[in-house]
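Protein chains: 2
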Amino acid sequence: MSAEIITLGHGSGTGLTRKLILEIFQPLFAMPSLEDAAQVGERTIITTDSYVVKPLFFPGSDIGELAVNGTVNDLAMKGARPAFLMISMIIEEGLPMATLKKIAGSIASAARKADVKVVAGDTKVVEKGRGDGIYITSSGIGYLPCDLELSTRLIRKGDMILINGTIGDHAIAVINARNDFGLTPAPQSDCAPLHEIVSNLLPDKDIHFLRDATRGGIAAIMNEVYAETGLGIILEEERIPVRREIEAVCEMLGLDPLYLANEGKMTVFCQNNDEHILRKMRKHPLGRAAAIIGEVTDSVKGVYLRTLMGGLRPCPMIESDPLPRIC
Amino acid sequence: MSAEIITLGHGSGTGLTRKLILEIFQPLFAMPSLEDAAQVGERTIITTDSYVVKPLFFPGSDIGELAVNGTVNDLAMKGARPAFLMISMIIEEGLPMATLKKIAGSIASAARKADVKVVAGDTKVVEKGRGDGIYITSSGIGYLPCDLELSTRLIRKGDMILINGTIGDHAIAVINARNDFGLTPAPQSDCAPLHEIVSNLLPDKDIHFLRDATRGGIAAIMNEVYAETGLGIILEEERIPVRREIEAVCEMLGLDPLYLANEGKMTVFCQNNDEHILRKMRKHPLGRAAAIIGEVTDSVKGVYLRTLMGGLRPCPMIESDPLPRIC
Chain A
1 MSAEIITLGH GSGTGLTRKL ILEIFQPLFA MPSLEDAAQV GERTIITTDS
51 YVVKPLFFPG SDIGELAVNG TVNDLAMKGA RPAFLMISMI IEEGLPMATL
101 KKIAGSIASA ARKADVKVVA GDTKVVEKGR GDGIYITSSG IGYLPCDLEL
151 STRLIRKGDM ILINGTIGDH AIAVINARND FGLTPAPQSD CAPLHEIVSN
201 LLPDKDIHFL RDATRGGIAA IMNEVYAETG LGIILEEERI PVRREIEAVC
251 EMLGLDPLYL ANEGKMTVFC QNNDEHILRK MRKHPLGRAA AIIGEVTDSV
301 KGVYLRTLMG GLRPCPMIES DPLPRIC
Chain B
328 MSAEIITLGH GSGTGLTRKL ILEIFQPLFA MPSLEDAAQV GERTIITTDS
378 YVVKPLFFPG SDIGELAVNG TVNDLAMKGA RPAFLMISMI IEEGLPMATL
428 KKIAGSIASA ARKADVKVVA GDTKVVEKGR GDGIYITSSG IGYLPCDLEL
478 STRLIRKGDM ILINGTIGDH AIAVINARND FGLTPAPQSD CAPLHEIVSN
528 LLPDKDIHFL RDATRGGIAA IMNEVYAETG LGIILEEERI PVRREIEAVC
578 EMLGLDPLYL ANEGKMTVFC QNNDEHILRK MRKHPLGRAA AIIGEVTDSV
628 KGVYLRTLMG GLRPCPMIES DPLPRIC
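Protein chains in written order, with the working numbering: chain A, 1 to 327; chain B, 328 to 654.
Bear in mind the hints are in silico, worked out from the structure with no lab data behind them.
Among the clues, some could well be false.
Some chain B residues well away from chain A (every beta-carbon gap over 10 Å; in silico) [stated by the list, open to error]:
1. Met487
2. Ala554
3. Asn599
Cβ-to-Cβ under 8 Å is the rule here; a few derived chain B residues that face chain A [as the list claims (entries may be wrong)]:
4. Phe352
5. Ala357
6. Ala364
7. Ala365
8. Thr374
9. Thr375
10. Phe411
11. Ile418
12. Glu420
13. Leu422
14. Ala447
15. Gly448
Bear in mind that the values here come from a model prediction, so they are computed numbers and not experimental data.
Note that the Cβ used here is the ideal one computed from N, Cα and C, for glycine as well.
Produce the complete structure using the sequences and hints provided.
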């Protein structure tokens, strides 16, 4: 590894994080994949994620709800029914008790909505200046309803790529909360539990792979799929749902929505026989704006966006996210 | 709650942590107990713990090994065979890559020794000055070998209390590493995985409850047992194994070894019929210095130490640990 120290980019969920995992963690650990979830036993999925989002509260969500939904979604993406959560907190000395209570309340409410039980936890406190309010690690366990495989190994040339709604909302909500660009109304995070919309879709042999588009956005997912399958991907700009106000902020800041984190969006890779999966997605409240956004192909090497002008723009894996601590 | 902000004491694992759990977390969450492990399903135990020990490396161990053994021990204390771990890291920007590699290597080596697989993980990075090198959250899953209950509910008057060896080693090793009291040789942490010595003991109907004596030391365990059972406890000072050099440091610093954290020690509450459990413990390398250190009784209310002089000294639950970030 060329870099000799850890940089913010190593936590971006994109290229540098991938390098850390490939070069340091995977050779040492028994991790079957680069993912943060793993199957243990016949029907059990476990997953873990730390949350360091800044600020702790932002329009549409907060670190507590994020910690629940993020872990619920990691389980759901494997096809598992989320069942139990564990919450471990690293609190900075001086955090107002009222803030902790609010976050704990938010965790409880999100857990109720996602029908999971918080069954265990841990609390550590670090000195002022050695943390940032609170960091939360949530770990979860979920159960597969049946023998179910969802894997990049199943992805084939011609597979359609779907998304359940607009992209970029979470990242822009957090950046706006951090910098106060004075947008009215303030953009809202899309933070939501995806287990229900997933359970409406599964089991379905046409569905090959699910992945929630968090850090690194949909571009990171597409590049991972390309890296693992060797198959190219063409996304269609005109089909990718982006709210007008999110697009405007992106233009202002020079950000590309494809690379922005979401917390309630997933991509579905499925066989392209008819549009029954799209129709099912649209029936769920979290899939109203679902769309077919691209295709797996062997006509290109890598990930490309067909722009509104008809050209093919490359969307490479980036080394680092321009927006640290987005989740 | 009277305190309006979080203090270091809230992470001490003693009185204030207990208050947080009782007053904030338990009413909101579905936590069946105050512990950091929970049974889910018939034979499955899950657990989570964050590690913020300072410094990251100290004689006898480091944060990586601690994160593995701590979680392995939480599973073992429930009688479960530890099987899988997940490791989530919150790294401070600027951590040397070599340090991360060393810690990852230490995690891998400890996992091998404890016969658990690290199957998933997550990496987040926070800005310089918002962390302290690295914080690690490890979560684990383990399986009960048979229908097995280990609970404070089973503890009865007359139960013996055993420990598998000397107390205070871990805490003094860490404090000495932090302050450099110039002790030669430097005290070593007792960090060790206890799953094997536990599996040599179980199943055994005479064993009612196991608990590893981490934050808050054996005094915290005894006070929790008293709080949950209403039964008094008398510890025998002359029987509690403490290394001479640890005792000397404790005297110098005004610390009580009963309240110090260990990372390879467990207390066993068992029926007092013969000493077969003590004999079994002593057969294992981690139990060579095992001893019967006290008894559950209704002759006192609370936790007491029978001193070398023969008096009964109260050992109450303390609000806060004098040594923050010990694990």
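Verification of the hints:
1. Residue placement check: methionine 487(B) keeps its beta carbon more than 10 Å from all beta carbons of chain A (closest about 28 Å).
2. No Cβ of chain A comes within 10 Å of the Cβ of alanine 554(B); the nearest lies about 18 Å off, and the non-interface call holds.
3. Distance to chain A confirms asparagine 599(B) as a non-interface residue, since its nearest Cβ pair spans about 31 Å, more than 10 Å.
4. Because the beta carbon of phenylalanine 352(B) sits about 6 Å from the nearest beta carbon in chain A, less than 8 Å, this interface hint is met.
5. Satisfaction of the interface hint for alanine 357(B) is found here, the shortest Cβ-Cβ separation to chain A being roughly 4 Å, below the 8 Å cut-off.
6. Of the supplied interface hints, the one on alanine 364(B) holds, with its beta-carbon coming within about 6 Å of a beta-carbon of chain A, less than 8 Å.
7. With its C-beta approaching chain A no nearer than about 4 Å, alanine 365(B) sits inside the 8 Å limit, and its interface hint holds.
8. The beta carbon of threonine 374(B) is positioned within 8 Å of a beta carbon in chain A (closest approach about 6 Å), and the interface hint is therefore held.
9. Restraint check, threonine 375(B) versus chain A: the minimum CB separation of about 4 Å is within 8 Å; hint holds.
10. A cut of 8 Å between beta carbons decides the hint on phenylalanine 411(B): the least distance to chain A is about 5 Å, and the hint holds.
11. Annotation: isoleucine 418(B) was flagged as interfacial toward chain A, and the flag holds, the nearest CB pair being 5 Å apart, inside 8 Å.
12. Interface hint at glutamate 420(B): satisfied, since its Cβ lies 5 Å from the closest Cβ of chain A, which is below the 8 Å cut-off.
13. Hint status for leucine 422(B): holds, given a least beta-carbon distance of 4 Å to chain A, under 8 Å.
14. Of the supplied interface hints, the one on alanine 447(B) holds, with its beta-carbon coming within about 4 Å of a beta-carbon of chain A, less than 8 Å.
15. Taking 8 Å as the C-beta contact cut-off toward chain A, the hint placing glycine 448(B) at the interface holds, the least distance being around 6 Å.
Checked against the numbered hints given earlier, this structure breaks none of them.
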